[in-house]
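**Q** Given the coordinates of chain R, work out where chain U should sit on it, guided by the hints.
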Amino acid sequence: MSPDVTDMLLDQSRGTSSQGVPGVLVDGSFWHWKKIVTQLEIDRERSLAAARQWEKYGAILISLLCLSAFTFGVVSAQGEGITTSEFWLTPHWTTAAFFLASTAGFFGVYRSLADRKSGASLREIGLETQPEFTEIPSLAAVERRFDIATVCTTDALFAAEESFRLAQKSGHAEVSALHLFTGMLATTPAQVLLARLGVSFEGIKDPLRRRLSTASVGATVFGRAAEVVMAQAFLQAKNTHRQAVSALEIFACCFAAEPFLAEVFAAQGITPEELENALAWMRINDDLRERYDAFRKAASFKPTSNMNRSMTAVATPFLDSVSEDLTRAAVYGQTGLLVGRDQEMANILRAIEGGDQSVVLVGQSGVGKQALIEGLADLMVEEKVPKVLQDKRLMKISVPQIVSAQGGTGADERFLYALQQVAHAGNVILVIENLHELVGEGTGIDLASILASELGKGYTFVIATTTPQAYAEIVERSVVAPRFQKIVIDEPDRSAAIQILESKVGSLEAKYQVIFTYAAVAAAVDLTTRYMHDGALPEKAIEIMKEVALVVSKRGQRPGWVRKEDVAALIGERTRIPVTEVSQGEGEKLLHLEERVHERVIGQEPAVKAVASALRRARTELRSGKRPIANFLFLGPTGVGKTELAKATAEVYFGNEQAMARFDMSEYQDASSVNRLIGGNGQAGLMTEAVRKNPFCLLLLDELEKAHADILNLFLQVMDDGRLTDGLGRTVDFTNVILIATSNAGTQFIQDQVAVGAELSAIKNGLMEVELRTTYRPEFLNRFDDVIVFAPLTREDVVAIAYLSIAKVIERLKEKGIVFTVTDAAIHELAEQGYDAKFGARPLRRVIQEKVENPLADYLLKGAVGRRDTLIFDLGGVITLKKAEEL
Amino acid sequence: MQLEVLRDVAADILLFPVWWYSRGLLFVWRWSWQMLSDYAEYFALRIWIQNLFVPMFGQYDWQSRLISIAMRTVQIVGRSVFLLGILCGLLILNAMYLILPICSMLFALYHLLGSLLYVA
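So the sequence lines, in the order shown, correspond to chains R and U. Under the numbering used here, the residue at position 611 of the first sequence is numbered 1866, and the numbers go up by one with no gaps. Under the numbering used here, the residue at position 93 of the second sequence is numbered 132, and the numbers go up by one with no gaps.
Isolated chain R, as found in the complex (with noise of 0.2 Å):
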């Protein structure tokens, strides 16, 4: 049929209908469906595919008995005459089977080159207007149309004939996106995917198939809404830059058209986000495997010995033994492709393309600059740089090599000869790590100087790499500051980590035979960023990744699915931090949070329904992720159970109670013991380190009202951000802790307002209104969640806290196998004497000393209690004695 025919009969097919025919236009030609899908075109065309295998093949065949035909005849006549041409110009059949085989591998050519897909690129297509997707009333409208068809893959193509064969099965009368969706499931990318994103076929089957089994029925037709969605995936193949439409293209098509498929994926915890950077990365894999081919041809043009392409460079025997490589290292394939880094890498190429200039890469540690310079020596290898660099080798020299042959004597005249050599040899640019290694601090070797002087004759360039600190503190004041210009390189944004973590994923799964979900990854990243703050990305996270992957692996099962779940897992074994998804049994604690903590603190309501509060959001991510877990400013009298609460805290949350970082404030009273708690002058400080040693933490600043106005202004900063800068220059994060501070500042007010029956609110407002302004400033009290009050103990709550403490006496007795029994008369009579307005509960503790475990003690030593015997306290101190019987 030819094209025009189809394109009528496709527009009759339409009929009236208002609707238009949906396609891309792109440089004024039209690209819409045009093939056409139905049972017999599909059957056809599958008959025509296996007809043309049969070609090929029988072109083989024919070819094969012709030759053997006259090999045969050529050997029956015992090779006579067969190098004269009367042999090769008279008629005969053992002549004719040569030319007749000769002739069939010539089709069998035809057929073999004829089938490879003959589409063309993509990519050749529309460069000069930005495609866009339209709708024209009828395809006469426009002049030059083409087939979608012709630039789609053979999975592509499959999966439009499979979405028909299903609905045409089903007795559907169109074909919709979910057709299209059902049917590209069936694709190798598309299982890929779904792999990456961990879901399973299993997973989805059921709502698919309940939500098909409402389409309506008819006559099967190829219609409007799948032509709609395979128009938008050649649109989208477009933008992303892709060679053809693949069944990704569709995947993603049929997802934004059909809203049902978004809940059928948020249902397996699948957010649409998750899903485009899933297939990002299938396209990411695609560009690597492109880029790699397009390198390796490169690569074996590139010299991999010390002479260049021209032939003009000098041996370097000497430079050759202290250091490395890297072009060859790039040619030989044992560098890794750089990903991303666009800018930093022009940056690069600007600066030594401006004057031949020398760079220095600054950026953290594990930020990437070797893989920079790695990127630069494939570049090299590619020739796809700056004539400066062309037909040059990537050299890194070894600083530690250099200074540590010959017991460190003569490192400078070594290095002075290296660099001679590179001056001699022409075709070597240096690089050097750790620029700030050369500059001698006190080892009396100043090799920065040798190198300042050496540039300075401007024979070569030189790309070095130090550390942020390392520059500030070290090379900016040498003499090696005016050769080199900076380039920050700062850690690549989450997308980009995310990136780099994907193009590394393929070496990982091959080494320890597992697979990756595009989860994990993201996970990798975003716990890395969250909770690990020693080091930077990509590389933390990348460390991570190979951990992980090793610990799947471990597990036996071939391949290992690594999964979210197990990179939260590692995270939260290495950081102390519970990383994983709230589980059902720690969902039931945290809701129980309250009750735990009275086990171990009488009353005070309002002040452990506040902590639980915070802690329950805090475990769910409800909270914000830039701030402490809470702050709290417990106000109260002394011993009504502010530290008390603090410790119980630490033991429901944290696990323990010493998982908590206690501070006395009264030892913080003047400027200089900023340093003590932060540090300063090269050294650590005390709370800085324990918060960076154990991230989560409770950390309780108790009697704060004594601290020194400047500590108070460091709390503003931990409260409002959640970090704080070291003395030794570290970012310390708080963003795990529970900050509790406890002041006695206005205890006078509240046991006033108490005792004249003041409701606890009204005293609170009176507090930050009037009491607490004299010792804080007002800003620094709304940093707190909550100023909690906490009210004078009554008589009946340390009647309460005589119960626990005594229970606590039966345990320690229960352990020596010793029964002690405590009556209530006598409790309450400890109580009263324990008792005092002023200081709570904590005479009491004193009373149940002196008046319970003193004479306890006495009872112990003097061996008159034995196991299982039976001591009784009651009523003014008197204790009974009840032996056991004896065994």
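No lab work stands behind these hints: they were computed from the structure. A quick note: this is a predicted structure, and the numbers were derived from the prediction, not measured. Ideal Cβ positions, reconstructed from N, Cα and C, are used throughout, including at glycine. Worth double-checking, as some hints may not be accurate.
[Said to hold, decoys possible] Partial pick of chain U residues on the chain R-facing surface, computed with a CB cut under 10 Å: (1) I86; (2) L123; (3) A147; (4) L151.
[Unchecked claim] Output of the computed footprint for chain R on chain U, the stretches with three or more beta carbons under 8 Å from beta carbons of chain R: (5) 94-104; (6) 135-144.
**A** Structure of chain U alone, referenced to chain R:
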């Protein structure tokens, strides 16, 4: 439908010469050009010509310069000969592509008909 498929197969067979001298020929040209470019890059003739007067191995004395020019000339000639050889090879391949199918078909027909007539 079977008839249609048969028709398509027949068209495939008939289109063999048309494809061979149109898209097939284009394919072979492109392939040959790529091959030639790759070899030109491999022999780096351009680089050798550009550096004809640049002394080899960083030897800047006049004797070395003379030796270098002589050596480079030898290299350029040698490499040009190699490249020319490859060009000739590719030209022969192209010529064979153009001629061989026709020859082989005509000879096949000639021998087939000839031997049949001879038998008759």
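**Q** Compare the structure with each hint and give your call.
**A** Taking the hints in turn, this is what the structure says about them:
| no. | hint | result |
| --- | --- | --- |
| 1 | I86 | holds (5 Å) |
| 2 | L123 | violated (20 Å) |
| 3 | A147 | holds (4 Å) |
| 4 | L151 | holds (5 Å) |
| 5 | 94-104 | holds (count 4) |
| 6 | 135-144 | holds (count 4) |
Of the hints listed earlier, the one the structure fails to meet is number 2.
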